[in-house]
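Number of protein chains: 2
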Amino acid sequence: MISKKMKPFVANNSAVRAMFEEGNKLREIYGADKVYDFSLGNPNVPAPKEVNEAIIDLAQHEDPVVLHGYMNNAGFEDVREAIAQSLNKRFGTSFGARNLIMTVGAASGLNILLKAILDPGDEVIAFAPYFVEYGNYVANYDGVVVEVEPDTETFQPNLEAFESKIGPKTKAVIVNTPHNPTGVVYSEETIRRLAAILEKKQEELGTVIYLISDEPYRELAYDGVEVPYLTKYYDNTLVGYSYSKSLSLPGERIGYVVIPDEADGAEELFEAATIANRINGSVNAPSLQQKVIARCLDCTVDLDFYDRNRKTLYEGLQAVGLECIKPQGAFYLFVKSPVPDEKEFVAKAKEYHILLVPGSSFACPGYVRLAYCVSYETIVNSLPAFAELMKNYE
Amino acid sequence: MISKKMKPFVANNSAVRAMFEEGNKLREIYGADKVYDFSLGNPNVPAPKEVNEAIIDLAQHEDPVVLHGYMNNAGFEDVREAIAQSLNKRFGTSFGARNLIMTVGAASGLNILLKAILDPGDEVIAFAPYFVEYGNYVANYDGVVVEVEPDTETFQPNLEAFESKIGPKTKAVIVNTPHNPTGVVYSEETIRRLAAILEKKQEELGTVIYLISDEPYRELAYDGVEVPYLTKYYDNTLVGYSYSKSLSLPGERIGYVVIPDEADGAEELFEAATIANRINGSVNAPSLQQKVIARCLDCTVDLDFYDRNRKTLYEGLQAVGLECIKPQGAFYLFVKSPVPDEKEFVAKAKEYHILLVPGSSFACPGYVRLAYCVSYETIVNSLPAFAELMKNYE
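Residue numbers (the numbering used here), protein chains in the order written: chain A, 886 to 1279; chain B, 886 to 1279.
Keep in mind that the hints were calculated from the coordinates and are not lab data.
Label pairs and their computed distance ranges (CB to CB):
(1) A:VAL1017 - B:GLU1038: 47 to 57 Å
(2) A:GLU913 - B:GLU1074: 47 to 57 Å
(3) B:ASP1183 - A:GLU1111: 44 to 54 Å
(4) B:ASN957 - A:ALA917: 11 to 21 Å
(5) A:GLU1111 - B:LYS1054: 54 to 64 Å
(6) B:GLY1006 - A:GLU1147: 36 to 46 Å
(7) B:ASN957 - A:VAL1110: 26 to 36 Å
Okay, the calculated bits of chain A under chain B, using three or more residues with CB under 8 Å as the criterion:
(8) 892 to 902
(9) 925 to 933
(10) 937 to 946
(11) 995 to 1001
(12) 1016 to 1024
(13) 1146 to 1153
All residues carry an ideal CB built from backbone N, CA and C; glycine is no exception.
Please model the complete structure; the sequences and the hints are all you need to start from.
See the structure below:
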């Protein structure tokens, strides 16, 4: 009954569901506090109080026909202008409402950008490890993901390998910094080199290659590390942003894309992406949440909470002999499996009620991902279980 | 820079924008109260007060991590169950949470259903006149819309023509009742006959043909007319619903689809549509609005407002010699153009500051659409302008 394209998804989904249900079963048998579930990237820190204050104030005082009504498919102009000014102040950019489209989260933002630019067979480069949904988004428009193998020393993008993968069909490159699943923040040096390679290749090939910066974790950076703003390094940069993590609003589906004036064909691209926003069924980003985030531009969730988790888990895992790059952003640790087949390690960990995601899900086998957006107690209580688990590998 | 598929959209969009800007220019020159804009299907009645009350109460009392958080891609289970029970009470159906997927409005609902079922080249039948976006949604998945010519006597679907258009590639039929752009409500007799044809053709062809019922106007029915619930007449009915009009929440993007147990491959289809909801970028319907509508299941906007507009405009247009079917639902009138080329009539009307949409935009030339979701004053004040306009056709 279902389309050929959807068949493999449905087939695969039962595996995902099985994993999820296994977690639930463990919780049922042993109690939720005895299961250390690091598998989900679901923020557990509440939204800053300003969010609910804005919601209440808007519901009390804004004209409901405006607050809940249609607007331009690109979003409320005042909201887009407010975000643009906030970005300009922070990053020295020169955006206006004309450069922003409000979207149903970053997932929808990436989709409308890809729908706007991809013809069937066009290639999109992604650096392994990468978020598995990129492949699905690209396939939505019959594009092809070209993977660049990881640099497992630093988990910065492997730029030598990258250069060799760029060809005449390369339409876009997706990067994500701070990074899921490694927690790495791309250095300014990395970005300068990446931009130089793209400029050179555009020139050589006579094509336009868009750099799509997927930024749901932009505000989640620790140790005072700077997260460079990519449009300043490469003209053909497009940004997909989400408030899911920065304001803990993942269910609300609110984000935006930026198409800078400097991007090739910026106006046409803006129009195409706005139409894509309409016809893919979103129509526009949820209206109330647009108005809410415009009032919360200087807010973020409590980063100290994540930071404490990060340090405690990182140090705890090191102490039991697990290796990983110290993450500077997002809320993930990407840990080297003590055995080559990381799925074996994931299965063994489950015996100790520890739930992990295999690196294969991010095109990077041999590693496992831990999402530390869990309670501090879960982190602390999991460490003895990790110690027990690691006795299998002494 | 943009994809081949998007090029015609961008080209066509400048015409739409030109029309929109022309309206703004008229308003600037003559004043908003001297321009009679019937071109937009944008609700102008505020949401019932229960909506904002629910928003405030939820923001004050619900755990923010739940209220703004991720849930199953199909939506909050309690919300889906509450809607299912409400439908069961109203229509004698037997739905449960297992049959409902919360969506980013009906537009997204139709998209995930079409993504779940369409292979390239599959056909979807639509009865002219029909909402132009159906064509775009079907094209998103490389399907083909097969148009059935209108029955301009009644604007009920032309069932003789329909039967002849069903073939081995027919995967779905989209219907919309109460209907945009005619305001007609499909009679029970129509639906019984339509169902019988589909049953016969499924048997003959050995295929499954889904009837997709697009229901954004379900609650907007007048004169006590009944709007039959289609799943009761044909097992392979799928429903796409939206709260955009019933609760005046078009900007909030909240709706759902129903996949009844009786539909062929219901479970697989439910799973495919839920995955489509995730990978098309929606991920889930906005979380706060899900909780809001679950508290407003017995509310609708003030229908008397639309009803008064309907009667006044219908009678006023008849008085100046314009012909149309008396609409029993939605907030549209579909009026016969006094000249064969309705675009000529639209242009002439503009001279009298009356803004209409040509029937060609709904695959039904020779007619124009008026959306009467405007202020009552606009209706009353427009009538002398219509009288002047009609002097050109005496």
